[in-house]
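Each chain, letter by letter, is given below.
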Amino acid sequence: MRRILWAVLIAAGTIAQLPAQLRITGLDGLASKARESVDITLDPAMLQMAGAFLAGGGKDGNDVKSLLSSLKAITVKSFEFKETGQYRMEDLEPIRAQLRTPGWSKIISSQSKEEISEIYMRTDQGKVAGFAIIAAEPKELTVVAIEGAINLQDLSKLGGLGVPAIPVPGQSKDQPKDSGKKGKQE
Amino acid sequence: MNLEDELKAALRREDPSSGFAQRVAEQAKFSAKPKRAMPRFVWAVAIAAILVIGFTSTYEYRQMKAERAGRDAVIALRIAADKLNIARDKVSRREN
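Line by line, the protein sequences give chains Y and A.
The numbering of the first sequence is our numbering, which starts it at 3 and goes up by one.
The numbering of the second sequence is our numbering, which starts it at 30 and goes up by one.
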């Protein structure tokens, strides 16, 4: 009986020490206040489907596919408000509290009076296991959680002046590609 | 002729024409014959049609889901990339 108890305690301790996957919580009420919002959650099965779909999108599509292949999950919550003061920095506290746990480390941080940009990296047994991005501006709030190994250099190349550079199969070149943050995804 | 005589004349017994019994028997035999079952090939075509419609619908649904997942993935990565680049720019501007 004692052995079982010890085993349970050791297992519980090990689980408690493991850096958990980031859960974006505490922002649910913001969607109703936002002018535009994006709420995307992709699990491994969805990422696999996405990769298969994007594989037909030429070189860029294949680049995205290879980026997705090493990922286990992506969660993006982004809100764009008409006015300032629609959210409080305290709203981010449940997320930031998770990012203070062992395994997470802040790799980029820029803070001013009204803006915060933070990038966190999660390591597991010495390997990159995930990233988190918090971007808080007076009229915009974005939190991204990426689970899995991803090369930030490769990810960085996908952005650029807000101009979408990734072709989606089945979409003509003349047709405006999806609105990105402009569309309400919920 | 009164009514009674008219009725008697109308209802008087008459022998059936020759072959009547045989014709009745043949008619009864024909009516009792079971209806023809639906040919097998009709069943096969119906089942094949149901299977084709089922597979097509499933494929279309999966394709739609994959398309949605692909678009979501692109949007998610774009947002992540933009925010990453903005954070990097802020840091590099501060350092310069």
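Some hints could be false.
[Said to hold, decoys possible] With a cut-off of at most 25 angstroms between alpha-carbon atoms, the simulated DSS-like pairs for lysine-lysine come out as follows:
#1 A:Lys94 - Y:Lys115
#2 A:Lys94 - Y:Lys141
#3 A:Lys119 - Y:Lys84
#4 Y:Lys67 - Y:Lys141
#5 A:Lys94 - Y:Lys108
#6 Y:Lys84 - Y:Lys115
#7 Y:Lys35 - Y:Lys67
#8 A:Lys94 - Y:Lys74
#9 Y:Lys159 - A:Lys119
#10 Y:Lys35 - Y:Lys108
#11 A:Lys119 - Y:Lys67
#12 Y:Lys67 - Y:Lys115
Don't read these hints as lab results, they were simulated from the structure.
Results for each hint:
Between the alpha carbons of Lys94 of chain A and Lys115 of chain Y the distance comes to roughly 42 angstroms, so the proposed pair goes past 25 angstroms and is violated. This hinted pair does not check out: Lys94 of chain A and Lys141 of chain Y have alpha carbons roughly 32 angstroms apart, beyond 25 angstroms. Our distance criterion of 25 angstroms between C-alpha atoms is met by Lys119 of chain A and Lys84 of chain Y, whose separation comes to about 24 angstroms. Restraint check for Lys67 of chain Y and Lys141 of chain Y: not satisfied, since their Cα atoms lie roughly 32 angstroms apart, outside the 25 angstroms limit.
A distance of roughly 35 angstroms separates the Cα atoms of Lys94 of chain A and Lys108 of chain Y; the hinted pair therefore is violated under the 25 angstroms criterion. Pair hint Lys84 of chain Y plus Lys115 of chain Y holds up; C-alpha atoms about 20 angstroms apart against a cutoff of 25 angstroms. Of the supplied pair hints, the one linking Lys35 of chain Y and Lys67 of chain Y is violated, its CA atoms being roughly 34 angstroms apart against a limit of 25 angstroms. For the hint linking Lys94 of chain A to Lys74 of chain Y, the alpha-carbon distance of about 18 angstroms falls within 25 angstroms, and the restraint holds.
With a C-alpha separation of about 17 angstroms, the suggested pair Lys159 of chain Y and Lys119 of chain A falls inside the 25 angstroms cut-off, and the hint holds. For the hint linking Lys35 of chain Y to Lys108 of chain Y, the alpha-carbon distance of about 29 angstroms lies beyond 25 angstroms, and the restraint is violated. Simply put, Lys119 of chain A and Lys67 of chain Y have alpha-carbon atoms about 29 angstroms apart, too far for the 25 angstroms limit, and the pair is violated. Our distance criterion of 25 angstroms between C-alpha atoms is broken by Lys67 of chain Y and Lys115 of chain Y, whose separation comes to about 38 angstroms.
Against the hints set out earlier in the document, violations occur for numbers 1, 2, 4, 5, 7, 10, 11 and 12.
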